[in-house]
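Colleague: The listed protein sequences derive, respectively, from chains H and F. Positions in the first sequence are counted from 1; adding 18 to them yields our numbering. Positions in the second sequence are counted from 1; adding 602 to them yields our numbering.
Think of the hints as simulated: they come from the structure by calculation, not from any bench. Relax, there's no trap hidden among the hints.
Once the Cα atoms are required to be at most 30 Å apart in a straight line, the calculated DSSO-like pairs of lysine-lysine come out as: (1) F:719 with F:903; (2) F:847 with F:792; (3) F:711 with F:871; (4) F:673 with F:938; (5) F:938 with H:53; (6) F:861 with H:53; (7) F:792 with F:758; (8) F:871 with F:719; (9) F:758 with F:790; (10) F:792 with H:53; (11) F:938 with F:797; (12) H:53 with F:673.
Here is how the chains run, residue by residue.
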Amino acid sequence: MKPSPAIAFLGPATCVVLALLIAPLALLARDSLNKYDPTELMIQAVTPANYLRFFTDSFYWDVMRTTILVAVLVTILCLALGMPLAYRLARTASRWKSVLMLLVILPLFIGSTVRTVGWMILFAQQGVLDSLAHTFLGRRVDLMYTPAAVVIGTLSVNLPFMVLTLQSVFEGIDTRLEEAAQGLGAEPARAFWRIVWPLALPGIGIATILSFILGMNAYATPVLLGGPRFQMMAPLLFWEFNTNSNWPFSAALAFILMATTLILTTLANMLIPRRYRA
Amino acid sequence: MHDISRRGILTGILAAPALIRSARAEETFVLGTWGGDYQRLQLENIELPLVRPLGIQSVVDAGDEPPRVGKILATRRLPRGPMDVACVQAVQGYALAEAGVLEELTVEKIPNLAHVKQGLATPTFAPHIWSPQIVSYSPERVSTPPVSFGDLLDPKYNGKVGFPDGNFFYVMMAAALYAGGSANDFDKAKEVMTKVNANGLRLYPSTDAGGPPFKTGEIDIGVMWLARISMWQNAGIPVAAAFPKEGCILYVSGMVIPKNAPNKEAAFKYINAMLDPAAQLGFAEHMGYLPTVTNAPLTGKVAQQLALPDPAPKLVTPDFAYTTRIQPEIADWWKKSIQHS
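Sequences and hints are given; from them, build the entire structure.
Modeller: Below, the structure is given as structure tokens:
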């Protein structure tokens with residue numbers, strides 16, 4: 019039997035994925051089983067020591083817990099703030115719609131690190147917020163290097179992704195379905211809940227997963243807004259790689275972070291009823 | 603009109619590499635260095651005035667020190683390494699020498715090594731700049747200047763103590779010197795740092811972020827290099843330096859050449875230029891670091907700003923053989939006991 023031409027077309031893409039994704043991951047997996055040595059850097063070995071070090075030390079569990087908490091909180095806030103905005107954008111017939119869309123996309127034009135520097139100016143002692151609070155309320159607001167600063171900063175990074183994903187999901191749902199529901203006596207809120215929500219659920223799931231993954235892997239925001247005392251997995255991984263030059267342990271941390279993200283997103287996906295899954 | 607023959611085109615293609623080589627007037631070498639001000643000053647004070655006239659030009663590999671060290675170690679078995687000159691702190695310079703990956707530097711190869719101050723160089727490390735670690739304080743809010751590292755424990759500075767997190771290892775050595783009389787007494791250092799931490803220690807994510815808090819009133823006291831104090835003063839930050847009576851840990855930064863450097867001759871010439879008095883004075887003037895050579899005396903405002911007190915403070919060079927071994931353990935302790943508390 020002759021192979022289908024479609025399969026032949028998949029060849030180049032498969033090769034690129036294998037070369038650029040699978041191969042480095044395989045290398046990382048191999049390194050994570052090596053031993054660390056301060057002068058030799060890495061000693062070839064096959065040892066689970068790096069993984070055991072993570073699972074037997076409560077410090078690393080704490081860092082993982084903080085990471086998951088931040089990612090979950092940011093995702094919930096993204097959903098709460100992003101969904102009404104996305105729905106409104108999808109349903110508006112205003113001639114300003116393209117301008118409003120541009121406003122949502124605009125933050126993505128700036129790198130997340132540069133945006134974080136903006137937040138630093140806002141949050142710093144004697145910064146914009148602090149000065150305003152001091153002038154009008156007579157009290158100081160010091161948000162810099164706090165968990166709240168990290169959550170706000172990460173939210174600002176993730177929100178456009180959430181809004182853009184949800185907006186296209188709502189655009190794809192025929193407005194006549196809602197009109198029909200309302201024509202049959204349903205209140206707008208009930209029509210949304212019974213008609214739009216189930217239809218949008220697969221898309222909402224994807225947007226949630228996207229935000230959650232971004233939150234789990236946040237690096238610049240926790241480092242710059244959280245400071246050295248606020249520890250999340252990506253900065254911790256970089257500390258081990260950069261400060262300690264402990265490549266085997268940082269490779270193990272990378273795998274643990276990837277696996278945790280994968281497991282949690284799979285579990286979250288299972289919460290969506292099977293008939294609504296993407 | 604001339605016809606272009608196929609043979610002519612082929613000859614042109616074959617000759618192109620030779621033409622490109624001859625058009626490239628300068629020989630290149632790879633310089634692994636920090637970015638920012640340091641890299642700019644290297645260009646302005648070393649490369650442009652002293653190295654380019656020799657027909658040599660650098661290709662800069664800018665980044666943090668640990669990845670640079672990692673690169674040298676990871677490529678140690680390759681015949682051609684990725685770098686010709688690597689800028690490293692003395693602590694890392696020693697660690698690389700221990701790993702046996704560095705070229706020996708001699709006066710025959712680098713004539714200006716003859717002028718290097720005693721105790722700063724090693725057989726494989728050429729010191730570029732040095733600065734004593736001091737107690738930094740706000741002259742506006744601290745009426746009596748601090749006298750030792752122990753001032754960081756004073757309850758009157760509760761919540762007003764701070765320094766950049768990246769300096770943690772040098773701060774630990776200062777704490778060891780204060781509490782145990784030796785920069786190697788890390789058990790005592792851990793006890794003292796735990797108390798400093800309990801006194802409301804603030805940690806900043808970068809060296810640059812450690813200066814503005816003195817201006818905003820966020821902190822009143824900390825630990826820093828004398829060089830940074832002069833840079834911050836020049837930037838209008840009200841901060842002053844106090845030399846701790848127990849002694850100052852020396853920060854020494856310099857350059858090394860990996861054994862597998864592809865262009866060692868250019869590397870020797872670059873390091874020789876780095877030790878030239880004009881280049882050394884340029885760094886003192888613009889970055890506040892002290893010259894590592896004896897033939898570059900400071901004068902004027904720079905001499906005043908960087909003057910060591912009289913009587914001269916005790917200057918303590920880290921025990922590099924020990925720091926190489928202990929650093930990973932201290933980094934782990936710092937991460938868990940200071941950052942995470």
